[in-house]
Structure formats: C-alpha cells, structure tokens
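Residue 308 is where the sequence shown starts when you use this note's numbering, and the numbers rise one by one after that.
Simulated from the structure, these hints should not be mistaken for laboratory data.
Treat the hints loosely; a few may be bogus.
[Said to hold, decoys possible] Ranges between beta-carbon positions, derived for each pair:
1. G343 with P395: 33 to 43 Å
2. E409 with E353: 36 to 46 Å
3. P395 with G329: 13 to 23 Å
4. N396 with N342: 28 to 38 Å
5. R354 with R419: 27 to 37 Å
6. I417 with N342: 14 to 24 Å
7. N342 with T418: 29 to 39 Å
8. S324 with G366: 12 to 22 Å
9. K328 with A372: 30 to 40 Å
10. T371 with G330: 33 to 43 Å
Cβ coordinates follow ideal geometry from the N, Cα and C atoms, glycine included.
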Amino acid sequence: MPRRRGKGSGFEKRVTSRYRKGGYRVKRNVVGKRNGRRYEIDAIIERGKERYPTEIKGGKQILTASQILAVYKKLSYRKGIPTLILGPNVKLTNPAKKIAKEKGLRIKRITR
Numbered sequence: 308m309p310r311r312r313g314k315g316s317g318f319e320k321r322v323t324s325r326y327r328k329g330g331y332r333v334k335r336n337v338v339g340k341r342n343g344r345r346y347e348i349d350a351i352i353e354r355g356k357e358r359y360p361t362e363i364k365g366g367k368q369i370l371t372a373s374q375i376l377a378v379y380k381k382l383s384y385r386k387g388i389p390t391l392i393l394g395p396n397v398k399l400t401n402p403a404k405k406i407a408k409e410k411g412l413r414i415k416r417i418t419r
C-alpha cells in the first residue's frame with residue numbers, strides 16, 4: 308500500500324515554495340463549490356494585480372486533451388490566468404497542447 312502524503316505532493320510544496328521566495332503570495336489547496344459540487348485547486352498564486360489559479364502536476368504521466376479540458380474548466384471557476392505547472396516527467400499529447408493553446412491555459416514546466 309502506498310504511503311499517504313497528506314494534502315498535496317512534495318513537488319507541489321517545492322513549486323509553491325519557489326513562488327513564495329520569488330515574492331508571490333501563495334494559497335494552497337483552495338476549496339470551492341460550484342453548481343453544488345466541491346472542487347479543489349492546488350494553488351492560487353498572486354503578486355500585485357496578477358492572479359494565477361494553478362494546477363500542479365508532477366510524477367510520470369501523459370495528459371490528454373480531455374484531462375486538459377477538465378483542468379481548464381476547474382481553474383476557470385476562479386478569476387485570473389489559469390495556469391498548469393508541469394514536472395519534468397509530465398508529457399502532453401499534441402491534441403492536449405492544441406486545446407491548452409486555444410483555451411489560453413498558461414503552461415509552465417519546472418525541471419528542478
């Protein structure tokens with residue numbers, strides 16, 4: 308049985324720590340309710356008037372177009388520029404890249 312880590316992963320903690328050190332204000336594991344359903348966003352990153360509702364994906368995985376649409380939909384519930392931060396082992400399919408670009412989903416890759 309895998310070990311339980313609690314809220315978020317070690318990668319999420321490293322990413323949010325990096326943004327805090329860069330002068331951003333970070334709220335982690337933000338919970339909201341929309342249309343009677345609960346949702347959770349990994350982080351909301353802010354500095355000045357800039358706001359980035361953010362989903363953080365680490366580990367080895369391949370994200371498909373339908374997964375990107377689901378992430379975008381969830382992030383669009385909050386004001387700001389929807390952002391997806393990817394770890395070094397996360398891949399996107401070509402249709403997923405196309406959907407992200409069409410929707411205006413900002414994608415950042417963190418390598419270390």
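Each hint tested on the structure:
At about 38 Å, the beta-carbon gap between G343 and P395 stays in the expected band of 33 to 43 Å. Take E409 and E353: their Cβ atoms lie about 26 Å apart, and the range 36 to 46 Å is violated. Distance hint check for P395 and G329: the Cβ-Cβ separation is about 19 Å, which falls inside the suggested range of 13 to 23 Å. Distance hint check for N396 and N342: the Cβ-Cβ separation is about 34 Å, which falls inside the suggested range of 28 to 38 Å.
Separation of R354 from R419 is about 22 Å and departs from the stated range, judged on CB atoms against 27 to 37 Å. Checked against the hint of 14 to 24 Å, the C-beta distance between I417 and N342 comes to roughly 32 Å, which is inconsistent with it. The hinted window of 29 to 39 Å between N342 and T418 holds, with their beta carbons roughly 37 Å apart. In this structure the hint that S324 and G366 lie 12 to 22 Å apart at CB holds, the actual value being about 18 Å.
A beta carbon spacing of about 34 Å between K328 and A372 agrees with the range 30 to 40 Å that was offered as a hint. At about 35 Å, the beta-carbon gap between T371 and G330 stays in the expected band of 33 to 43 Å.
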